[in-house]
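Colleague: Sequence:
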Amino acid sequence: MAESAQKKKYEPVLSHLSDQEGEALCAQLRRELIENVSQTGGHLASNLGAVELTVAIHRVFDTAVDRLVFDVGHQCYTHKMLTGRREDMSTLRQYGGIAGFPKPCESVHDAFIAGHASNSVAVALGMARARTLLNEDYEVIALIGDGALTGGLAYEGLSNAGKCGQQILVILNDNGMSITPNVGGIADYLAKQRLKPQYLAFKKHYRKIMNATAPGRVVYRFTHRIKQALKQSLLPCSMFENMGFRYLGPVDGHNLSFLIKILRYAKELDEPVLLHVKTVKGKGFLPAEENPDAFHGVAPFEPLTGRLKRQPGESFSAVFGRTLTRLAEQDERVCAITAAMTGGTGLEQFAQKIPNRFFDVGIAEGCAAAMAAGMAKQKAIPVFAVYSTFLQRAYDMLLHDMAIDNLHVVMGVDRVGLVGDDGETHHGIFDVAYLDSIPNMTVLAPSSFAELEVMLERALFQLDGPVAVRYPRGGEGSYVGTGGEDPSAILRWGKDITLVSYGTEINNVLEAAELLAELGIQAEVVKMNQLTPLVPELVELSIRKTGALLVAEEQAARGGVGQRLAAHLEVAGLPAKVVLVNCGDRFVPHGTTSLLKRDLFLDGEGIMKKALEVLGRGETTA
1 MAESAQKKKY EPVLSHLSDQ EGEALCAQLR RELIENVSQT GGHLASNLGA VELTVAIHRV
61 FDTAVDRLVF DVGHQCYTHK MLTGRREDMS TLRQYGGIAG FPKPCESVHD AFIAGHASNS
121 VAVALGMARA RTLLNEDYEV IALIGDGALT GGLAYEGLSN AGKCGQQILV ILNDNGMSIT
181 PNVGGIADYL AKQRLKPQYL AFKKHYRKIM NATAPGRVVY RFTHRIKQAL KQSLLPCSMF
241 ENMGFRYLGP VDGHNLSFLI KILRYAKELD EPVLLHVKTV KGKGFLPAEE NPDAFHGVAP
301 FEPLTGRLKR QPGESFSAVF GRTLTRLAEQ DERVCAITAA MTGGTGLEQF AQKIPNRFFD
361 VGIAEGCAAA MAAGMAKQKA IPVFAVYSTF LQRAYDMLLH DMAIDNLHVV MGVDRVGLVG
421 DDGETHHGIF DVAYLDSIPN MTVLAPSSFA ELEVMLERAL FQLDGPVAVR YPRGGEGSYV
481 GTGGEDPSAI LRWGKDITLV SYGTEINNVL EAAELLAELG IQAEVVKMNQ LTPLVPELVE
541 LSIRKTGALL VAEEQAARGG VGQRLAAHLE VAGLPAKVVL VNCGDRFVPH GTTSLLKRDL
601 FLDGEGIMKK ALEVLGRGET TA
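If you're matching positions, the sequence shown starts at 1 in this note's numbering and goes up one per residue.
Bear in mind the hints are in silico, worked out from the structure with no lab data behind them.
Idealized CB from N, CA, C, for every residue including glycine.
Don't take every hint at face value.
[As the list claims (entries may be wrong)] Listed below are the simulated DSS-like cross-link pairs for lysine-lysine, each with C-alpha atoms no more than 30 Å apart in a straight line:
no., residue 1, residue 2
1, 309, 261
2, 261, 163
3, 309, 377
4, 609, 577
5, 545, 577
6, 163, 267
7, 353, 495
8, 353, 379
9, 353, 377
10, 495, 577
[Claimed, not checked] Just the calculated beta-carbon pair ranges, DEER-fashion:
no., residue 1, residue 2, range
11, 136, 87, 30 to 36 Å
12, 130, 574, 38 to 44 Å
13, 27, 585, 19 to 25 Å
Throw the hints in and build the complete structure from the sequences for me.
Modeller: Below, the structure written as structure tokens:
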């Protein structure tokens with residue numbers, strides 16, 4: 001922590017607020033959340049459920065000094081509103097506006113980036129250990145949802161944090177997504193009694209008195225065992241207490257005054273504490289309460305009805321789901337696996353029609369990949385549907401569990417390339433490189449719905465080993481070809497420059513070819529269908545004719561198709577003018593894909609300008 005921050009007067013942003021004023025603020029924040037997200041889209045249900053909890057945190061802790069670590073960050077909107085960004089909420093997830101996740105470069109109050117799940121406790125533990133090592137004084141809080149507890153990393157963090165001896169507060173926001181069933185009124189009552197100052201004082205005094213004599217210690221041990229047995233039968237605390245935490249709760253996450261009291265009490269405990277808070281996802285907005293999954297990540301909607309302003313069209317995810325269901329109905333070996341993304345990956349129909357072959361492992365991508373490998377080893381044909389950015393979390397399993405033994409696992413890699421408003425943590429711009437690094441891997445890239453159907457069937461029944469079929473968010477473009485069987489194909493003949501791409505980016509390349517044609521430049525367009533193993537022969541033949549190569553891809557610069565093709569030309573001793581147009585050697589911010597592609601020269605006009613540059617006919621600024 002910077003020295004200036006340590007010298008700052010400790011003052012939570014809502015420290016002077018009364019309970020009554022706090023309740024009014026919560027109601028107003030909910031109204032603003034609904035109004036703003038209805039315009040921008042975003043993660044609504046989780047934020048509505050965490051309003052009182054967030055307000056209570058900012059009554060008790062100064063997040064400019066104290067470290068509040070969100071898990072995933074889906075529930076950070078109220079936090080942003082309370083820390084100087086309330087007037088900027090109309091720019092949420094918009095190009096050049098505030099991010100939809102915590103972002104340290106955006107505010108001192110955002111302690112850590114949070115776009116993937118289950119890491120918050122481990123990160124908070126690291127901060128607590130650094131605090132001790134550097135002899136500093138601040139609180140460390142991890143706010144984790146129960147859904148994140150399906151990830152093994154959460155338990156690694158909890159296991160170490162509970163035994164660390166550090167002052168650390170883990171707040172479990174339990175909105176009924178994964179863990180304990182409703183514990184009922186008796187449990188709620190007992191939890192409140194256990195947290196009263198009178199009880200805590202009596203407990204401390206009783207322990208001291210009974211441990212003063214040998215007979216007293218015998219009685220104390222007997223009564224303690226009875227108490228523990230009753231507590232564990234009524235309260236969901238034994239797991240956390242066994243890990244070493246002081247367990248508090250469960251408490252009503254919408255009772256603001258009680259939340260403030262319990263947070264103040266937890267703050268005074270010099271030990272690892274887990275506060276279990278029960279909330280309602282979508283609280284205060286009936287459409288979100290009734291259907292929280294639909295309002296987890298939602299497009300702009302009508303704030304009065306919850307109805308989407310624009311109904312989504314056909315998507316690659318939907319085509320993937322329908323095609324996989326059809327193929328699974330033809331072959332009983334085909335199974336579907338998801339990591340808590342049934343709707344996002346288009347598998348609702350599969351889950352409904354073939355429930356005995358559908359498996360949702362929760363937020364546990366490593367488990368999904370390893371389980372798929374086990375299924376493949378026993379002659380099933382597992383299909384793991386997963387977003388590109390989340391498949392990163394299973395890299396070791398791809399190597400160790402699938403590839404070494406060349407097991408036939410098919411991965412439907414969704415949300416590849418630029419995904420838009422979720423930004424750095426969600427763009428799928430690394431999979432082309434990291435999948436290519438794995439021996440025995442095959443990577444296919446459909447550019448249309450029809451090609452996705454062809455490639456998925458080929459991946460299931462014609463190819464061996466691990467196979468990834470990668471496709472973007474949303475729909476197809478003007479290219480609706482039905483090919484995809486060959487490693488590559490020429491879509492347009494030319495003699496002046498070779499333009500290469502894959503996936504839906506091919507639409508922008510074809511547009512660029514048209515713009516170049518208006519200038520009298522004949523561009524040859526080569527579409528790559530198979531990215532790994534790369535088959536460069538068709539590109540090489542084209543280069544021998546044109547002498548110039550432009551590769552456009554929604555992928556990071558390193559390890560992409562462009563870099564590999566350039567290396568192949570170098571090895572082949574084939575001289576050529578080369579320009580690579582990609583996402584660069586950086587993390588791409590949030591914004592609409594059209595604006596991001598414009599800035600990265602990945603739209604039609606940008607590719608045309610880069611082609612002119614390599615041909616010596618123009619000049620651009622990178």
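Colleague: None of the hints should be skipped; say for each whether it holds.
Modeller: Hint check results:
no.	hint	result
1	309 with 261	violated (41 Å)
2	261 with 163	holds (25 Å)
3	309 with 377	violated (46 Å)
4	609 with 577	holds (15 Å)
5	545 with 577	holds (12 Å)
6	163 with 267	holds (18 Å)
7	353 with 495	violated (51 Å)
8	353 with 379	holds (22 Å)
9	353 with 377	holds (25 Å)
10	495 with 577	holds (14 Å)
11	136 with 87: 30 to 36 Å	holds (32 Å)
12	130 with 574: 38 to 44 Å	violated (53 Å)
13	27 with 585: 19 to 25 Å	violated (47 Å)
Of the numbered hints given earlier, the model fails hints 1, 3, 7, 12 and 13; all others are met.
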